[in-house]
Amino acid sequence: MRLYWEIARRSFQRATTYRTAYIAGLLTNAFFGALISFVYIAVYQGRGEVAGFSVRDAVSYVWMTQALISIGAAWIAPDLERTIRSGDVVTDLSRPWSFYGYWVSQALGERLFNLLIRGSLTYLIGVLYFRAFVPDVATLVAALPALLLATLLAFAYGFLINLAAFWMFDTTGLMLLANFMMSFFSGFLLPLAFFPEPLATIANYLPFRAITSVAAQAFLGQLSGGALIEAYLLQIFWAIVLIGAGQLLLRAAMRRVVIQGG
Amino acid sequence: MLTLYMRLVGARIRAQMQYRASFIFELFGFALVTGVEFGVLLILFNRFDAVGGWSLYEVAILYGLSSISLSLVEMIGRGFDAPFERMMQQGAFDGILLRPWGTFFQILASEFQVRRLGRTIQGFGALMFGIAGLTISWTSAKIVLLVLAALSGSLIYLGLFVIGATICFWTIKTPEVLNAFIFGGQQLTSYPLSIYSEAIRVIFLSIVPLGMAIYPATLYLLDRSDPHGLPVGLAWAAFPAALLFLALSLAFWRYGVSKYQSVGS
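As given, the protein sequences belong to chains F and W, one line each in that order.
Once you know that position 247 of the first sequence is 247 in our numbering, the rest is easy, because the numbers rise by one and skip nothing.
Once you know that position 216 of the second sequence is 216 in our numbering, the rest is easy, because the numbers rise by one and skip nothing.
Pulled out of the complex, with its shape left as it was, chain W reads as follows (with noise of 0.2 angstroms):
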């Protein structure tokens, strides 16, 4: 499975390296586009000393995180986003049942969108900022941990990106309401949790657990505690949280599959 997945992403990735120019226009311009949000922390940061007592380099390491954990789903998970909704408007999922593979493994591998990795690269970027600003004590726990937060991150993107796709299968559209939990998302993880309402805060820590991916893990890295009492080993809950946020999508996804109705064109 793992030899297809790579020989089909492989053609797409030789597909997009056609158009040279393009490619590297658009990867330039990824890097730009979301790189101008750190650009926005910065000015911020120009005019105040903190957010919510937390420093400069302390939020590029939330913002570098949140950053690298969305761009690696939009690089690999994109397939569940525009281009399946037109799949369905098409009617050519039918095609998709057919073919002896499953489902969600054709329509990861429909996709791959290399330009993405423009996102990565100034998540990096502002990671390592954050990281080299800092004197911190590192530990292999925190190592783990630190991966473990971007991972954890991707995990409930990509679960998102897929039970946006679920609802398709009845709305034939992606919920707009979708991008205000993927992208707001982006938006909340980059700054500390404490600094939301409760309501949000607990939408994030429970329904959608983005709030537990990241914010802990940085916590338990930078030796800080959140005001609001939140337990900073939560941090090692995050994965297992993210792991069964996916499956529960997943299953949500098996459920969508067996009640699709082509529309017969």
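So that you can see chain F by itself, here it is in the shape it has in the complex (with noise of 0.2 angstroms):
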């Protein structure tokens, strides 16, 4: 445990050296966070609630999930798919350690990392130019168990995708549509709750909803008491089945693995 502890610390400590990089980030973000916010502001027009969302609601879930693509709820990261097509992947595989738990700290520390600064600095600009909605302390806390489980599922999702390189000489197409599943049904690109039938009933079904619609809602304040903890329970649903597919599929890779070049 102490070993995947340090491997997410320095990861952590990577991500902070560069700075630059990391600012013109949090600048697109904003961008985009300000492009679609006046979207919705000229759909709302004075209008109240729609499908439970005040224009304030709307708003503040698109800052939200600007702030999530902190954690890769937007895309995934071809991370380990460049590691498998270059060849490094053996010499990560031959570490004394276990492969699925090195890239699960990497990510975790990484990624909360991003979630800490450019994710709550993103969401900030949404709070002082879009009047984006403040948590008390209480919503903020039921809040950080689903922040972090989502960040899992994320993670948990990409490697599984990534995994496929193992297979395919060229994954350029799957991984369009693995993202495309991802940003459309998690609620990445609007909230599920604007969704028609049947395209609400999917994405009920499939795990990218436990991703950023439940983590965004959390944070709104939009889930309490009972659906909390359902909101929790189905996160870690997912994660168990989407972790155990990556192990599983992990296996069945280890059997065919073609070491290229040398």
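Hints are not guaranteed to be accurate.
From the derived model, a few chain W residues whose C-beta atoms are all more than 10 angstroms from chain F [what the hints assert, rightly or not]: (1) M87; (2) P100; (3) I131.
Partial selection, computed: residues in chain W whose CB lies under 8 angstroms from chain F [claimed, not checked]: (4) S22; (5) V40; (6) N46; (7) R47; (8) V51; (9) P175; (10) V177; (11) N179; (12) G184; (13) Q187; (14) L188; (15) Y191; (16) Y196; (17) S197.
It should be emphasised that the hints constitute simulated quantities derived from the structure, not laboratory data.
Everything numeric in this text was worked out from a predicted model, so none of it was measured.
Where a beta carbon is used, it is the ideal one built from N, C-alpha and C, also for glycine.
Reconstruct the complex from the two isolated chains, following the hints.
In structure tokens, the structure reads:
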């Protein structure tokens, strides 16, 4: 355990070194946050609640999605795939620790750091310029497990897709589809509450809503009591499924690993 | 020069067609992934009636034009994107300098991504959807402006890609801020410019004139006026403005090439 903690800590530190890229990324997220917020302001035009969202809820939700880009909620990082393609994966596999544990700790360290700095600063811009919702301490505390689990889920899904590189020579198309599934059905592009049938039902049965939708709603105080517990359980359920599937697929991949180059 | 371009690009296209299944997968993937933006628009309009007074069909025209203009540049201009960055990092640009052709031409011909047609197709679909849902009194001026709008957008996007690549001469990396302009610009031009704050409107009408490319032409097409008093006649200025923007980015490119120092590997 100590070892994985160290990996996470190192990865956390590494993330602090690229400051200019960091600020640029933050500004990009904020710019998109602003553009989409203006769209919501323009569609509401004085209307009250729509599907349970006031204009302020909708705008706050937008800023939350932009903040969650920092935990990988929007698209999959092809980091593992790159090591499979280059052959570096062999070095990682031969290390005396769990391969999955290594990737999970690295991802959590980096992403939680990103959430803490980039994510919160992005959201702060939304608070300052668009009056995005500011949660009270109790809501924030309740949102923390949801955010943590969402980070884990986003990683577990990405890991699973990355593993496809063991079988496919070109994963561009697969990545596109996988990213589409996540960004659309997680509620990253727009709140799931706005979805018409049958899209809403489909989204309900997929794991993706446990990432953006649940985390954002918990943060915005839209979940409380039983609904909150249910949300945690949903996230834990999908975490077990996705991590389990990742482990199984990894084992299958190990049986056919072909080392390129050398 | 055109025949050489055709020959180089023809080779690229043939190469991409070699992995047929992967190619079809990507084409479909791009249509789907970029089409989802239009899906978002449809879902929004399922709940709301208008965006800043614009109906679904009217916004579909903006969206379609915006999507088409970006897709064309993604198809022909991606050589200035990640592949160029890699070229800089590996010092491969030295080889470009040694050949008896212009650097701009060579980089342009170095990449041609047919799969980006996926976005063009769905953008065209959205445009047709918008036109079919409205009764537009067509004039020849409107048709000319419609084509010019998409072209102007493309020229400005190309200029942005070139600027991004030029910055690579100093930093070895395309700054992410450029993505904010390119993809942010696409998001921005998909909706009526009037809904944004004054600061955003001014920036995208002057420094990066993407706001001028599509919005005024669509106003003209739909016989609408801008609530902030933007003159519709600006639609005619879009193409010259786009040409000027591209010319300035080319001048910047030339300056960048003259300052280029090899990484020496």
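Against chain F, run the beta carbon of W/P175 and see if the smallest gap drops under 8 angstroms. At 6 angstroms from the nearest chain F Cβ, W/P175 passes the 8 angstroms test, so the hint holds.
Taking the least C-beta to C-beta distance, is W/S22 closer than 8 angstroms to chain F? 5 angstroms, holds
Cut-off 8 angstroms, beta-carbon criterion: hint that W/N46 touches chain F: 5 angstroms, holds
W/L188 was flagged as interface toward chain F. Is the shortest Cβ-Cβ separation under 8 angstroms? 6 angstroms, holds
Hint status (Cβ of W/V40 to nearest Cβ of chain F, threshold 8 angstroms): Holds, because the Cβ-Cβ distance from W/V40 to chain F comes to roughly 5 angstroms (cut-off 8 angstroms).
Minimum beta-carbon distance criterion (8 angstroms), W/G184 to chain F: Result: holds, 5 angstroms to nearest chain F Cβ.
Would the stated hint for W/Y196 survive a check requiring a Cβ distance to chain F of less than 8 angstroms? 5 angstroms, holds
Per the CB criterion, is W/S197 less than 8 angstroms away from chain F? 7 angstroms, holds
Given W/Y191 as an interface hint, is its Cβ closer than 8 angstroms to any Cβ of chain F? Holds. Min distance 6 angstroms.
Given hint W/Q187 near chain F, where the shortest CB pair must fall under 8 angstroms: Because about 5 angstroms separates W/Q187 from the closest Cβ in chain F, which is inside the 8 angstroms limit, the hint holds.
Interface hint compliance - W/V177 to chain F, C-beta minimum distance less than 8 angstroms: Given a least distance of 5 angstroms, the restraint on W/V177 holds.
For W/M87, is the shortest beta carbon distance to chain F beyond 10 angstroms? 19 angstroms, holds
Violated hints: none; the structure is consistent with every hint.
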